[in-house]
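Based on the sequences and whatever the hints tell you, model everything.
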Amino acid sequence: MEALISEHIVFISLVAAVLPLLTFFGSLIFSGQVSRSGSLAILNMSLSLILSACVFGRIWNGAVIHEQIHWFTIGGWDLRIGILLNNLSALMMLLVSAIALLVNIYSTKYMQGDPYIRRYWAYLGLFCFSMLGLVIVDNLLLMYMFWELVGFSSYLLIGFWFSRSTAVRANKKAFIMNRVGDLGFLIGIMIIFSQFQTLDITRLFGAEGLVNSAVISGGSWVGSAGTMPAEWLTIAGIVFFLAAVAKSAQFPLHTWLPDAMEGPTSVSSLIHAATMVAAGVFLIARVYPVFDEHVLLVIAAIGAFTAFMAATIALTQNDIKRILAFSTISQLGFMMLAMGVGASASALFHLVTHAFFKCLLFLAAGAVIHEMAHLKDKSGKDFDPQDIRNMGGLRKHMPLTFVSMVIGSLALVALPLTSGYLSKDAILIQSFEWAEGEGGWFRLIPISAMVTSWLTAFYISRLIFKVFFGEFRLSELTGHLHVHEAPAAMKYVMLILSVFCLFPVFSWNPLLFEDAWLLKGFPVTESMTRINAFHTIIPAAVNLISIALIGLCFRWYGSGRSAPDFSKTVIFRFSQEQWHIDKFYSAVLVKGTTAFSGILYWFDRYVVDGVVNLVGTLGRWLSFWSRWVDRYVIDGLVNFFAYLAGIVGNFVRHFQTGRLQHYLVTMLIIILTLFIFKYYTAAI
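Final position of the sequence shown in my numbering is 730; the numbers increase by one with none missing.
Everything labelled a hint here was simulated from the structure, so no lab data went into it.
Since this is a predicted model, take the numbers as computed values, not measurements.
Each hint should be verified, as a subset may be incorrect.
As the list claims (entries may be wrong) - The calculated label-pair distances, taken between Cβ atoms and stated as ranges, are:
(1) 115 <-> 618: 34 to 40 Å
(2) 643 <-> 364: 47 to 53 Å
(3) 435 <-> 54: 29 to 35 Å
To be verified - Below, a list of computed lysine-lysine pairs in the BS3-like style, where the Cα atoms sit at most 30 Å apart:
(4) 218 <-> 629
(5) 614 <-> 537
(6) 218 <-> 637
(7) 566 <-> 537
We treat Cβ as the ideally placed atom computed from N, Cα and C, and that holds for glycine.
Written as structure tokens, this is what we have:
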């Protein structure tokens with residue numbers, strides 16, 4: 047069996063990627079047969095997961111498999127495309143298919159009764175196919191195609207409830223902002239191709255690749271493919287990072303992700319956990335050798351700032367999904383920070399652990415929203431089922447959801463015995479070691495990351511205590527009605543995800559990230575050995591203060607005592623308004639573009655069209671006078687001479703009688719006339 051898998055591993059990976067696409071077409075073919083669409087989706091994702099596990103078992107820490115076929119030829123250049131299976135692609139295949147299957151199972155109950163459920167399965171299948179295709183292709187051009195397909199699929203899913211104007215605005219916003227990043231990706235491809243005349247990822251970024259073998263010498267990028275000004279290396283890195291900034295919702299292109307919560311919660315969990323937003327981190331890992339020290343510093347700084355900014359915003363939000371959305375932005379910032387300081391293995395480790403605990407948090411939040419929405423329908427009262435101020439005391443009614451969300455939250459906070467502790471520890475420790483080597487203001491980057499960790503502990507504790515502790519705040523409004531535990535399909539999925547949020551899945555040692563099997567599959571830095579005090583001080587400081595903040599949060603929000611009212615302060619409003627970044631974009635970019643478009647419209651209508659209309663009027667006026675001259679002057683003269691010729695002709699015609707005596711008399715008259723005229727002129 048193992049030999050058979052090894053022999054057909056490329057075919058197996060292709061089938062694993064294509065199976066979700068069959069869900070897309072099958073859901074459209076089985077029109078009106080909802081149960082078949084859901085069963086087909088789960089069956090295909092189950093098979094995809096099994097095949098992905100086979101690929102992972104064959105590839106992980108084994109030989110890299112790279113097979114290609116000829117696609118087309120332009121001039122003397124041949125484009126070959128194929129499948130690249132290494133540790134990174136095998137890990138992402140397993141992660142995407144596992145998370146997608148759980149979300150599919152969860153959706154059978156969460157989306158039950160939705161009139162457009164068949165379309166939901168189709169979009170979900172297309173989404174998973176796009177992501178699986180993205181992680182296994184070996185060519186930047188193909189990768190760009192799947193990159194665009196991921197964006198398009200997310201556009202469809204975010205705007206799934208198209209009857210809601212907010213959903214339509216959200217999916218357009220996500221689509222447009224991601225086009226900015228896509229332009230960066232395309233420019234990066236053009237720069238790389240112009241220098242190396244290939245788009246093959248292995249030839250470019252492999253251990254012996256063209257980019258890895260190039261060196262900076264005399265202000266130029268010198269390699270086996272020739273030379274290029276060193277500035278172009280920096281530009282290539284910046285534009286590739288721009289693509290990741292948009293897709294992974296980093297500052298300043300992060301504002302689309304909180305609005306993307308307008309889609310179903312199950313979609314949000316998939317987007318935030320292992321697919322769309324993870325694609326940006328995956329891209330950086332794929333093209334990592336192209337980033338020089340200047341770009342890496344930018345990546346680290348942007349990542350640290352984004353993590354801190356998003357965490358401060360999450361502190362004051364009241365929408366349960368929006369809090370988790372800003373949490374995702376913050377955690378992606380940690381991954382970018384790790385990439386920037388050279389800890390790419392730790393970034394990928396955190397990507398995997400984050401996928402499980404963030405998916406769990408979203409699905410648990412979805413279970414709460416699901417039951418709150420049912421309560422709203424049954425009671426006939428009008429309230430927001432996603433506002434945490436309308437909840438409270440739900441741990442009594444939804445115990446399994448409560449436990450699941452607590453486990454996911456502990457992993458998010460990165461407390462010991464959770465997977466998040468291992469991956470976030472790795473990032474924080476390695477970032478401090480990097481800053482120690484750089485010195486100066488570089489130390490602000492890991493310090494801000496540590497502060498962000500403490501803010502994370504506070505905002506997620508606030509969510510837990512306000513939702514699950516105290517008394518239900520709408521009991522008087524809803525009467526005897528109460529929320530209940532989520533359906534079995536939803537509960538079991540949350541239970542499975544809870545297991546993957548604990549340390550044994552990744553390391554038997556709950557306190558040492560160095561022992562994690564996943565880190566051993568990627569190149570690591572010297573910081574993997576415990577050579578300094580950072581490995582002890584950083585985890586202790588993070589955890590002790592985090593626990594203290596959790597206790598403070600319980601005192602304010604979970605013990606029944608009233609919390610201090612900060613709502614009137616400037617800092618609170620600044621956080622609640624999301625640093626006014628969205629308003630700035632709306633006021634400056636959106637309204638500015640609209641105003642500029644209005645000016646262009648005025649210029650086009652009154653200047654360009656005015657000149658055109660004036661020229662047209664002058665043309666018509668000239669045509670009128672040309673017609674008048676032609677008709678009354680030119681035609682008049684022609685007609686006059688014709689009339690004169692007619693009169694003369696009619697007069698002369700009378701002389702043509704055919705009688706000789708008439709001609710003789712006429713000749714005599716003419717001769718006499720000439721004689722008299724000559725005589726008269728001579729006499730004068």
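Evaluation of the provided hints:
1. Checked against the given bound of 34 to 40 Å, the beta carbons of residue 115 and residue 618, roughly 59 Å apart, lie outside it.
2. Here the CB-CB span from residue 643 to residue 364 is close to 35 Å, at odds with the stated 47 to 53 Å.
3. About 56 Å separates the C-beta atoms of residue 435 and residue 54, a value inconsistent with the hinted range of 29 to 35 Å.
4. Proposed proximity of residue 218 and residue 629 is supported: the alpha carbons are some 17 Å apart, at most 30 Å.
5. Annotation: proposed proximity of residue 614 to residue 537 is violated, straight-line Cα distance about 40 Å (limit 30 Å).
6. Of the supplied pair hints, the one linking residue 218 and residue 637 holds, its CA atoms being roughly 16 Å apart against a limit of 30 Å.
7. Taken as a hint, the residue 566 and residue 537 pair is broken in the structure, with Cα atoms around 33 Å apart against an allowance of 30 Å.
The structure shown violates the earlier hints numbered 1, 2, 3, 5, 7.
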